[in-house]
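> As a plain string of letters, each chain reads:
Number of protein chains: 2
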Amino acid sequence: MNKESKIPAPTIERLAHYSRPLESLLDNETPVISSEKLARLCGVNPAQVRKDLAYFGEFGVRGVGYDVRDLLVEIKKILATDRDWTLCIVGMGNLGSAIAENENFKKRGYKFVAAFDSDPTKIGRTLPCGLIIEPTSRIRELVKSLKIEIGVITTRPHEAQRFADLLMDSGVKAILNFAPIQIRTLDCCKIENVDFAVKLEHLAYHIAKIL
Amino acid sequence: MNKESKIPAPTIERLAHYSRPLESLLDNETPVISSEKLARLCGVNPAQVRKDLAYFGEFGVRGVGYDVRDLLVEIKKILATDRDWTLCIVGMGNLGSAIAENENFKKRGYKFVAAFDSDPTKIGRTLPCGLIIEPTSRIRELVKSLKIEIGVITTRPHEAQRFADLLMDSGVKAILNFAPIQIRTLDCCKIENVDFAVKLEHLAYHIAKIL
DNA sequence: CCAGCTATGTGCACTATTTCACAATATCGT
DNA sequence: ACGATATTGTGAAATAGTGCACATAGCTGG
Numbered sequence: 390m391n392k393e394s395k396i397p398a399p400t401i402e403r404l405a406h407y408s409r410p411l412e413s414l415l416d417n418e419t420p421v422i423s424s425e426k427l428a429r430l431c432g433v434n435p436a437q438v439r440k441d442l443a444y445f446g447e448f449g450v451r452g453v454g455y456d457v458r459d460l461l462v463e464i465k466k467i468l469a470t471d472r473d474w475t476l477c478i479v480g481m482g483n484l485g486s487a488i489a490e491n492e493n494f495k496k497r498g499y500k501f502v503a504a505f506d507s508d509p510t511k512i513g514r515t516l517p518c519g520l521i522i523e524p525t526s527r528i529r530e531l532v533k534s535l536k537i538e539i540g541v542i543t544t545r546p547h548e549a550q551r552f553a554d555l556l557m558d559s560g561v562k563a564i565l566n567f568a569p570i571q572i573r574t575l576d577c578c579k580i581e582n583v584d585f586a587v588k589l590e591h592l593a594y595h596i597a598k599i600l
Numbered sequence: 390m391n392k393e394s395k396i397p398a399p400t401i402e403r404l405a406h407y408s409r410p411l412e413s414l415l416d417n418e419t420p421v422i423s424s425e426k427l428a429r430l431c432g433v434n435p436a437q438v439r440k441d442l443a444y445f446g447e448f449g450v451r452g453v454g455y456d457v458r459d460l461l462v463e464i465k466k467i468l469a470t471d472r473d474w475t476l477c478i479v480g481m482g483n484l485g486s487a488i489a490e491n492e493n494f495k496k497r498g499y500k501f502v503a504a505f506d507s508d509p510t511k512i513g514r515t516l517p518c519g520l521i522i523e524p525t526s527r528i529r530e531l532v533k534s535l536k537i538e539i540g541v542i543t544t545r546p547h548e549a550q551r552f553a554d555l556l557m558d559s560g561v562k563a564i565l566n567f568a569p570i571q572i573r574t575l576d577c578c579k580i581e582n583v584d585f586a587v588k589l590e591h592l593a594y595h596i597a598k599i600l
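Chains as they are written, first to last, in our numbering: chain W, 390 to 600; chain P, 390 to 600.
Honestly, I wouldn't trust all of these hints.
The list treats identical chains as one, so a pair stands whether inside a single copy or across any two.
Taking lysine-lysine and the DSS-like style, the derived pairs with C-alpha atoms no more than 30 Å apart in a straight line are [claimed, not checked]: (1) K440 - K579; (2) K440 - K395; (3) K500 - K465; (4) K511 - K495; (5) K598 - K579.
If you're looking for bench data, these hints aren't it; they were derived computationally from the structure.
Work the whole structure out from these sequences, hints included.
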């Protein structure tokens, strides 16, 4: 593809990290920040911050730093969080419910417009956020009619691939998967897998090494 | 440190990923698996699988493959999931509750033995798993008396650093942080940050690029 | 016991990512 | 107007991680 397809994945993830302290700085009315300070807030190297930003343009002022408000706007533009996204979630267990309610998601424009589960006892229940749990048999219909762009999977692992296939086939463009299984997707659909237990295992490895 | 400190972090994370399909294969009574098949199940390159495992020993049999049961045992030994760990969780909102109940964690030997919140209306409530929510003022005391090794943070971001400091100071050896903020730790304490919204932002970036 | 087959373990080249180091450039005080 | 100062943007060096390709070694059948 074009120039932008060469941008390293770690850079994209760091841009999202940079936006977190920038939001606080904006609330604090701090007008300007240097790469060094921002780097320290995010636990990275200052040159890294500058290089990450330089992939997308020259946002700073030499000898001064970056305007907090402008930089945040630019990062949001890059990450496409300057607009709303419509999502659905499949699997309304504890984790699914927690994610559907999550303030952090709402604040960034990720709107859940449908929630699905295959357990008949859950179907029809209303979540605190106002969503009604729909049967998974309606996934295809609702993804299309509500123009859902991103699907979130919080089912048990053995069902995850099946629902991923169904979501893709119904037209979602990306999937965020919390089931501890590696999901295969077509090229037209981007996937991110999140497995908390992997993080704990990483921690356990390091602790055990020291002991 | 020793030889093991040179092992790449991605290798450790992949070892955890390898263990997922191995568990299913064990249930399926598949006795042996090749690096090629395991790699396909995990979406990585076969040479990568072999190299990752080779850091820790020679677990395979040339011309045959890896014994599923033995390999799983070895990986669990490496990741120190062949034992139980005691954890606590701070911040009993939706996400905190979901994590405390999570089957995936329990199954791998991560036992939550205390849950904390600073909201007086939540304190004293009993969770489905049997834990009683304690006030955060008891963190120091309970971390010590229950010998809690790992702390999980699911508070709002502005409180996260404070609780992390308190947990560290009380003696936890690692922290898993779900608050969208970069937490600073001392060398004696290992940290992993998990921020779902970052993953969504990564997905949004890719989708928006295509459109 | 040996030939043929298969899949591991690994040196090496390649690719990706990070960090350094400094030239370029904006601001400020005189 | 200009020197002193601060901080960016960036080529080049260093570091880290991946994947190829093949020698090595175990198993099977004759």
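> Any hints from earlier that this structure breaks? Give me their numbers in increasing order, please.
Of the numbered hints given earlier, the structure breaks none, since each of them holds.
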